[in-house]
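Peer 1: Each chain, written out:
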Amino acid sequence: EAGVAQSPRYKIIEKRQSVAFWCNPISGHATLYWYQQILGQGPKLLIQFQNNGVVDDSQLPKDRFSAERLKGVDSTLKIQPAKLEDSAVYLCASSLVPLSSYNEQFFGPGTRLTVL
Amino acid sequence: QQPVQSPQAVILREGEDAVINCSSSKALYSVHWYRQKHGEAPVFLMILLKGGEQKGHEKISASFNEKKQQSSLYLTASQLSYSGTYFCGTEYGLGNEKLTFGTGTRLTIIP
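Protein chains in written order, with our numbering: chain A, 1 to 116; chain B, 1001 to 1111.
Bound conformation, chain A alone:
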């Protein structure tokens, strides 16, 4: 079974530029998550999708971050414009059964973003 795919793996941009990350979850997984993990910290949930609908985006900085999940499969996360404090690893995860606590999340390898 293929895992969660993410691209690019690394990205370096200057502040005020824009950047986009892509995620392809495990086939058949209904729920998709985007996390931000700053060095030395635990992952912080940015947005959670169930199929192509947003379940939770309470911690997404909506003035600069946006995300979409077209057709309930792939997802993109965009930052525009980027700030220095956005430097982090952006993790995508997916889980099979929607809205179930008994549900492990499968993480992708992440995209390491450096904002200069």
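Watch out, some of these pointers could steer you wrong.
Stated by the list, open to error - Straight-line C-alpha distance at most 27 Å; calculated DSS-like pairs for lysine-lysine:
id: 1; chain 1: B; residue 1: 1037; chain 2: B; residue 2: 1059
id: 2; chain 1: A; residue 1: 11; chain 2: A; residue 2: 78
id: 3; chain 1: A; residue 1: 44; chain 2: B; residue 2: 1098
id: 4; chain 1: A; residue 1: 78; chain 2: A; residue 2: 62
id: 5; chain 1: A; residue 1: 15; chain 2: B; residue 2: 1055
id: 6; chain 1: A; residue 1: 44; chain 2: A; residue 2: 62
id: 7; chain 1: B; residue 1: 1098; chain 2: A; residue 2: 62
id: 8; chain 1: B; residue 1: 1037; chain 2: A; residue 2: 11
id: 9; chain 1: B; residue 1: 1026; chain 2: A; residue 2: 44
id: 10; chain 1: B; residue 1: 1055; chain 2: B; residue 2: 1067
id: 11; chain 1: B; residue 1: 1098; chain 2: B; residue 2: 1050
id: 12; chain 1: A; residue 1: 44; chain 2: B; residue 2: 1067
id: 13; chain 1: B; residue 1: 1098; chain 2: B; residue 2: 1068
id: 14; chain 1: B; residue 1: 1050; chain 2: A; residue 2: 44
id: 15; chain 1: B; residue 1: 1037; chain 2: A; residue 2: 44
id: 16; chain 1: A; residue 1: 83; chain 2: A; residue 2: 15
id: 17; chain 1: A; residue 1: 78; chain 2: B; residue 2: 1098
id: 18; chain 1: A; residue 1: 71; chain 2: B; residue 2: 1068
id: 19; chain 1: A; residue 1: 71; chain 2: A; residue 2: 44
id: 20; chain 1: B; residue 1: 1055; chain 2: A; residue 2: 44
Stated by the list, open to error - Not everything, but these chain B residues come out facing chain A in the computed CB check (under 8 Å):
id: 21; residue: 1044
id: 22; residue: 1047
id: 23; residue: 1098
id: 24; residue: 1102
id: 25; residue: 1103
Since the hints were made in silico from the structure, they are not lab data. Even glycine gets a Cβ: it sits at the ideal position worked out from N, Cα and C.
Go by the hints and put chain B onto chain A.
Peer 2: Positioned in the frame of chain A, the structure of chain B alone reads:
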């Protein structure tokens, strides 16, 4: 509110045991444990639900104290492969799958 993990870091010799704790100030519905090796994605270890259900790897054991809103992960007879940072993720609402992760416990196993 972010759960608090303790200890922040621990160094063990191969074969020794360790306990990692996760505490919340809010009532928990479930606790999820993940291990992350340097530069890699977090990997699922265990889920503990309010009421006693558990799901996870056979060689990993954990407990969930609902009264104290705490969970502990027990690593026995540690192996070199156990090295990494352990995160607990806490779920506060029934079935909403939203996890709030702690700051992590860095475990180093030395031969």
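Peer 1: Verify the proposed pairing of residue 78 (chain A) with residue 62 (chain A), using a straight-line Cα cut of 27 Å.
Peer 2: Holds, because 10 Å separates the two Cα atoms, which is no more than 27 Å.
Peer 1: Does residue 15 (chain A) sit within 27 Å of residue 83 (chain A), going by the straight-line distance between their CA atoms?
Peer 2: Roughly 5 Å separates the two Cα atoms, so the pair holds.
Peer 1: Sort out whether residue 1050 (chain B) lies within 27 Å of residue 1098 (chain B), counting only the CA atoms.
Peer 2: 15 Å, holds
Peer 1: Within 27 Å, alpha carbon to alpha carbon, are residue 1037 (chain B) and residue 1059 (chain B)?
Peer 2: Roughly 18 Å between the alpha carbons, so the hint for residue 1037 (chain B) and residue 1059 (chain B) holds.
Peer 1: Would the pair residue 15 (chain A) and residue 1055 (chain B) pass a check requiring their Cα atoms to be no farther apart than 27 Å?
Peer 2: Since the Cα atoms of residue 15 (chain A) and residue 1055 (chain B) sit roughly 43 Å apart, the hinted pair is violated (cutoff 27 Å).
Peer 1: Are residue 1055 (chain B) and residue 1067 (chain B) close enough, with their CA atoms no more than 27 Å apart?
Peer 2: The given pair, whose Cα atoms are some 20 Å apart, holds under the 27 Å limit.
Peer 1: For a C-alpha distance cap of 27 Å, please report whether residue 1037 (chain B) and residue 11 (chain A) respect it.
Peer 2: Since the Cα atoms of residue 1037 (chain B) and residue 11 (chain A) sit roughly 21 Å apart, the hinted pair holds (cutoff 27 Å).
Peer 1: Under the criterion of a CB-CB separation shorter than 8 Å, is residue 1044 (chain B) in contact with chain A as hinted?
Peer 2: This hint holds: residue 1044 (chain B) lies near chain A, its Cβ roughly 4 Å from the closest one there, short of 8 Å.
Peer 1: Tell me if the straight-line CA distance from residue 44 (chain A) to residue 62 (chain A) falls inside 27 Å.
Peer 2: 15 Å, holds
Peer 1: Need the status of pair residue 1037 (chain B), residue 44 (chain A): alpha-carbon distance at most 27 Å?
Peer 2: 17 Å, holds
Peer 1: Given the hint that residue 44 (chain A) pairs with residue 1098 (chain B), test it: the Cα-Cα distance must not exceed 27 Å.
Peer 2: 10 Å, holds
Peer 1: Next pair to validate is residue 71 (chain A) with residue 1068 (chain B); report whether the Cα-Cα distance is within 27 Å.
Peer 2: Given that 27 Å is the threshold and the Cα spacing comes to 42 Å, the pair is violated.
Hints 5, 18, counting from the list given before, are not met by this structure.
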